[in-house]
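Trainee: Quick note, the sequences are listed as chains H and U, same order. Per UniProt numbering, residue 1 is the first one in the first sequence, and the count goes up by one each step. Per UniProt numbering, residue 1 is the first one in the second sequence, and the count goes up by one each step.
List time: in silico SDA-like cross-link candidates among lysine to any residue, alpha-carbon distance up to 20 angstroms:
{"hint": "1", "chain 1": "U", "residue 1": "Lys354", "chain 2": "U", "residue 2": "Asp21"}
{"hint": "2", "chain 1": "U", "residue 1": "Lys833", "chain 2": "H", "residue 2": "Val822"}
{"hint": "3", "chain 1": "U", "residue 1": "Lys731", "chain 2": "H", "residue 2": "Tyr55"}
{"hint": "4", "chain 1": "U", "residue 1": "Lys344", "chain 2": "U", "residue 2": "Leu36"}
{"hint": "5", "chain 1": "H", "residue 1": "Lys354", "chain 2": "H", "residue 2": "Ala385"}
{"hint": "6", "chain 1": "U", "residue 1": "Lys833", "chain 2": "U", "residue 2": "Lys858"}
{"hint": "7", "chain 1": "U", "residue 1": "Lys344", "chain 2": "U", "residue 2": "Glu309"}
{"hint": "8", "chain 1": "H", "residue 1": "Lys187", "chain 2": "H", "residue 2": "Val203"}
{"hint": "9", "chain 1": "H", "residue 1": "Lys731", "chain 2": "U", "residue 2": "Leu807"}
{"hint": "10", "chain 1": "H", "residue 1": "Lys3", "chain 2": "H", "residue 2": "Asp64"}
{"hint": "11", "chain 1": "H", "residue 1": "Lys731", "chain 2": "U", "residue 2": "Asp803"}
{"hint": "12", "chain 1": "U", "residue 1": "Lys731", "chain 2": "H", "residue 2": "Asp803"}
{"hint": "13", "chain 1": "U", "residue 1": "Lys354", "chain 2": "U", "residue 2": "Glu377"}
{"hint": "14", "chain 1": "H", "residue 1": "Lys833", "chain 2": "U", "residue 2": "Val822"}
{"hint": "15", "chain 1": "U", "residue 1": "Lys731", "chain 2": "H", "residue 2": "Leu806"}
{"hint": "16", "chain 1": "H", "residue 1": "Lys731", "chain 2": "U", "residue 2": "Ala56"}
{"hint": "17", "chain 1": "H", "residue 1": "Lys858", "chain 2": "H", "residue 2": "Glu830"}
Derived from the structure by calculation, the hints contain no laboratory data.
Protein chains: 2
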Amino acid sequence: MGKWVYTFGDGAAEGSAAMRDLLGGKGANLAEMASLGLPVPPGFTISTEVCTWFYAHERAYPDDLRGQIAAALEEVGRIAGRRFGDPAAPLLVSVRSGARASMPGMMDTVLNLGLNDETVHSIAEMADARFAWDSYRRFIQMYGDVVLGVDHGEFEAILEIERERRGLEQDTDMAAEDWQQVVARYKEMIEETLGAPFPQDPVEQLRGAIGAVFGSWMNSRAVTYRRLHDIPQEWGTAVTVQAMVFGNMGATSATGVAFTRNPSTGERELYGEFLVNAQGEDVVSGIRTPQELTEQARIAAASPGPSLEALMPEAFAGFLDVARRLEAHYRDMQDMEFTIENGKLWMLQTRSGKRTARAALKIAVDMAAEGLISREEAIDRVEPASLDQLLHPTLDPDAHRDVITRGLPASPGAAAGEIVFTSAEAERLSAAGRSTILVRAETSPEDIQGMVAARGVVTSRGGMTSHAAVVARGMGKPCVCGAGAMRIDVRSGTMTVGGRVFHAGDPVTIDGGTGEIMAGYVEMIQPALSGDFGELMGWADDVRRLRIRANAETAGDARTAREFGAEGIGLCRTEHMFFEGDRILSVREMILADSTEGRSAALSRLLPMQRKDFADLFRIMRGLPVTIRLLDPPLHEFLPHTDAEIAEVAASMGVTEAALRGRVIALTESNPMLGHRGCRLLITYPEIPTMQARAILEAAADVSAETGEPIAPEIMVPLVAMKTELDRVRKLIDQAADAIAVERGARPAYSVGTMIELPRAALRAHEIAESAEFFSFGTNDLTQTTFGISRDDAASFLEAYRDLNLLEADPFRTLDAEGVGVLIRVAANEGRKVRPDIKLGVCGEHGGDPASVLFCEKIGLDYVSCSPYRVPIARLAAAQAALATAREARTVGEAG
Amino acid sequence: MGKWVYTFGDGAAEGSAAMRDLLGGKGANLAEMASLGLPVPPGFTISTEVCTWFYAHERAYPDDLRGQIAAALEEVGRIAGRRFGDPAAPLLVSVRSGARASMPGMMDTVLNLGLNDETVHSIAEMADARFAWDSYRRFIQMYGDVVLGVDHGEFEAILEIERERRGLEQDTDMAAEDWQQVVARYKEMIEETLGAPFPQDPVEQLRGAIGAVFGSWMNSRAVTYRRLHDIPQEWGTAVTVQAMVFGNMGATSATGVAFTRNPSTGERELYGEFLVNAQGEDVVSGIRTPQELTEQARIAAASPGPSLEALMPEAFAGFLDVARRLEAHYRDMQDMEFTIENGKLWMLQTRSGKRTARAALKIAVDMAAEGLISREEAIDRVEPASLDQLLHPTLDPDAHRDVITRGLPASPGAAAGEIVFTSAEAERLSAAGRSTILVRAETSPEDIQGMVAARGVVTSRGGMTSHAAVVARGMGKPCVCGAGAMRIDVRSGTMTVGGRVFHAGDPVTIDGGTGEIMAGYVEMIQPALSGDFGELMGWADDVRRLRIRANAETAGDARTAREFGAEGIGLCRTEHMFFEGDRILSVREMILADSTEGRSAALSRLLPMQRKDFADLFRIMRGLPVTIRLLDPPLHEFLPHTDAEIAEVAASMGVTEAALRGRVIALTESNPMLGHRGCRLLITYPEIPTMQARAILEAAADVSAETGEPIAPEIMVPLVAMKTELDRVRKLIDQAADAIAVERGARPAYSVGTMIELPRAALRAHEIAESAEFFSFGTNDLTQTTFGISRDDAASFLEAYRDLNLLEADPFRTLDAEGVGVLIRVAANEGRKVRPDIKLGVCGEHGGDPASVLFCEKIGLDYVSCSPYRVPIARLAAAQAALATAREARTVGEAG
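Make the full structure from the sequences, and use the hints.
Mentor: If you want it as structure tokens, here you go:
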């Protein structure tokens, strides 16, 4: 026996906002609002534990659930003054899903439940006949689609026929008798399709709707959304059953959605839209274009319809008050749904509002300035990964723009790509590495994967809270909505606007910050860290302990990294320098040489080029540490592979094709990831590290002489499994330093360390630390070897693993704390025992992943190194990690 | 200041046999013999610490070494009644190397040192002039070659000219004046070649010789030998300087070598050979054919020359007594060198004799029977790996043999292959997977690698103690020596015998047990465990704790394994069954199927075949456990790859080449070792484990019904990294069992376990053990992933690693206790904590490696599984491991 059902309404509730896990976000916040005394229609929430029970028992329910629901319905009816199923004063309810995390558009909803051939008459008497029959047909349509699985096209076809038969253009023109006819036709169609009549018993209706909500938790859209947002399947959804209120009772009724601040820019202004005489679904579906809430917004948008503020000043004032109370109560920007029934305001939902990265930043910084939250809370309020949106190019204001039309600025950022009209096409081209802009009349949950694949989204219908807008903002994807001048013909693959025709594949550029849609590709410029961004970064820097370095080898990358606040280079991959210009020729000569002498001669031509590369980096990173990794990849990566390339390279090098092909074949490996690379290469071709060490140390000496400041490069040896390997390469580096000491009369300063990227290296860290002044955890390769998974080959089964829920997170994105992390922890501890001042960092791609940064903070590493564009993300993540760790320590301290 | 020099002689010694590490085997045993009062020429040993010092200080010596050597020389001279460098009564010495482990033929020796233009006259006066000048020219020749680096061909050329000028055929025909002439010519040639005269100062001569011995420790032959025999470079060599005694002083002098038991068969009989009027080098060089020691042996060999027993009965009796005392003292078969100078016996060396595996077995079993050693000691006396020789095929006695000639049965065993005349050719063909017989006039240390590469060795010259014979026995390689009827012409690549000409590439078969050389390939038969072998195995089984299983999938392998004492199957690789006969067609159909149904249809054709395979194994292994691994390799291994194969397979399957090629390309992986295989395959193609589980369980039920005995197969899931993977596959197996339970009315018994072959699996063993009833450590893959080394690609650098001494042992042969072993230990401990009765075993190739078996014993695994032919090796290794562990426990107990 458990408690499965939690009631709310009439200024009281069994639940609260803190019970989000149990009641879902919607149910918890409805309970909280009821407790706060806000106007909430009474209702109850069936907890997520029922969902868990449901899936653990082959979609059955706990025995005592039925009784608890009946009791709750009784209570709701008491408050509302009606009874569920009572033909005289029927209680109508909505049934909605509500998971712990918001999953917009993913779950199904049923409104007006409780209507049947009897109760429709009572409603007609209480309100009016047209409203009653319109509500009934809406109910049948929704219930038929969502619960009974009847294709919604069937309903639309009937509606269209009936409308045309009467010569009517709009649904609003339909009269009560017309809707009665539609209801009759709907019921016939359902009976014909399913072989059973539309259920008339409200209890049966409710049972069906609850089952449909729980069932929808596992539909493929929901599964996709969860995978995209790392939401565990185990959480389950709650079901909220609530007395209906009607925004569609006529001109004094309305329904709308609102944010307490602008979710796109973060400005402190009530932001939202509403429709008169409509139900909630009408707003988000984007079929009618909604009106602004405030006069200010209406004027700014130059909208024709009146604002809510002007139209229903009393209800508006009430709502404004509620909005302010909610923001102050929750200490965060709120996203609310409301309905006005015959002039009375009802709150249907409140939750933390989704926002763009830019808005999140501004809201966090503003709220800290307003004293609503602390700076530390402000730091925690911004999702580090979301900064990615602000760190990517925007349109060059000086570039020529061929603006073809304008829509709503639904999700900021600039994007360019080929026009595609279907999600499938977006996915196909994206897989082929091409950039696309998804152009749709409106989007639906079925488009999620296409939206993920495209660079940007454009719709011709819908407002700022339409599906496309909400989802795109959540993804940080540029989006322009409701570009009504655009005519889209999916079949012919064309889009027509202002007399111009664009075809699938034509390039367009969009600016989600202005709503502009432009022909062709428009030039973009790099982002900068200023304003709120700079402010928050400063706060983050004040609290973080981890240093942030960048992985960079070109001067351009190094400069970007420094501008983004990198505190040094954590990984300079010297092999990238081997491909530039005509260097590759010398590299190939080296590989083809038969002797040490031949290799040395080719390397001596590379020496001055490498020296210059390093000198540039030292100048840019002046005053900051620079870690340079010696050559890592297998030599065959530098050779041509196809017959045509071999012929060309052989000719240009003056060797025979056969000789070149022979070398290519000799260097081919079964498992190159585990092959002749890293220190194995440096040991078998000692000329290579000798040359590289010389280039590094000479460059350091040159720049040091130039600036008068000492430079001590960190030279890193890759792929070490045994101390003997590091010792061998270290000896070659030391010998190069000795030679320079003799030549220049002063011994260069430097340190030598190693990548820890093989399990054995982690297990022998206590030995290796005797010879290594620093460890840099190469988490990419360490993940590959610890899991025994080649990243290049993993797609074929990791996808299946995610579908089967075998894997919590992609270990190549988020560090696997339970496996790979154990090795890192052991190596860090053992390394420090032997050499207490050993420098420890991470230089895999995990360095820019917030969850992985938290792990690095927890085990006390010194720094993480990531790509230049992720440096601000890492800075913020490091700050959050420091705060979380401090919180945890306090909790433990208090518990102790 | 250290003690660098240890003297011996005159019934006393500063060293002893226990000081082998410091004095080398030779020096330690000379000291021991001196202490025992045996006739040993006085001398001293410069310790291995000097060698270490020498290489640590750029080939310099400790300051106080010179004084210690001078003092020791003084003492030796006192005992011998002569003085080093005294023109009147000169002390002549030999200088020999002596490492901790015997390295025959690897190190250089100089005899007769101390001779110069003055002392040669004193020797002439004391003995005779011919002897003196012959000794002097031998000294110049040896010293010139070994110390001064003059090509020995130069000496031979002079000698040949001088002999021919005098019309003499043999060196023995040369008179004193002739040798004096040769000496003069040698000295001229040396002065011309080196620009400096031959050193006349005995002290300088000695310094040069000592330096040459230490220097030879790092020559390439020595390095190769050490690598082959896992001798660490750090051990170093000692140098023994000893007063010369002369076996070449005329008809009452002789020199010889002997074993206390027959090193080939193990028979208890004095075994050896000698030459009258010769120095030690003459015996082992194989230039003169030596005579037998005993009358019995002479008669058995039908030799023309008299035995030592007949020729010098008194000296023989003395030697026989010494030999008996030495064997009793050392409690092991001894290999001795002796010299008789004018009728007086001198012992020059004794050491544990090398022996064939067959001899080692017989000697150990006999000595235990004689009460000389305990059964436990007998177990420890046999090198498990050497049993390999006894476990391989011998010639079928009923097969036709075309015997072309006969030589000495120098190292037992049968081998067949193509004739090669050079070591380089043996290596080349062996690398190409071809079998060869190396045919040489005689072998030298330069031939070591060729001998390793060849299946067997034949020489036309030399006796049972010649280089070829000694080295071949050490390697367990079949060898026939001194086949004098054979004429070899390396240039034309032919071998002529009895009028028949054989060319390089012609097949021959040799029997090293009889000395027969046969034309063509002769049929062979399988070995059996009987006699001494069976006896020792029984003793081993009594003391070992580890169970020994075999890796086997065919009925033939399973039978062999059981005959060799396997206690079950530890690894049945089901994929091997997929290639047999027309099964591969169904496998390919499965791979090419587009749907689950198509795959299931193809698999249903495989089901009865797999069921029969498993039923056969269960019958053969009746009463013993059988572990069956589900499909492991990536699917592309079952598809054709070349264009020709693709065309053929496509035609036979009735699919287009394009379709087949498309599938091949789709399945191609960058790093297949880390790709879509193992449980990843079982999860993405659940039809496969479902079919295999059914085949296993139905077969078990069938055979159980047949025999009336229960069978509970152990089903093993490969390549698990996460518990969720094992759970998923386990569920499929359980479902198959459920289905069978319904069909047959009884639920089959079975257990499910996993390979631990990825570092992550070892690190999460505590979780995985919740779902696994057994762990089998797949040490091959675990070594690959822990080191990040692909075994297939490792040759290119592991060879260099060995040369550079970066690696103690090949981790693919001997388990890397420090890295891979740490993971195994952790997994074993954590697994047991969660499931105390979890079965733990090893099924990689390490299961048959004695050092790895010791590791498995130490960490308390339950069993090791290896290839059928290695089962007896593993049984003996497990016994030795149990004894070693018990000894260690006692030592710790006593210390505590």
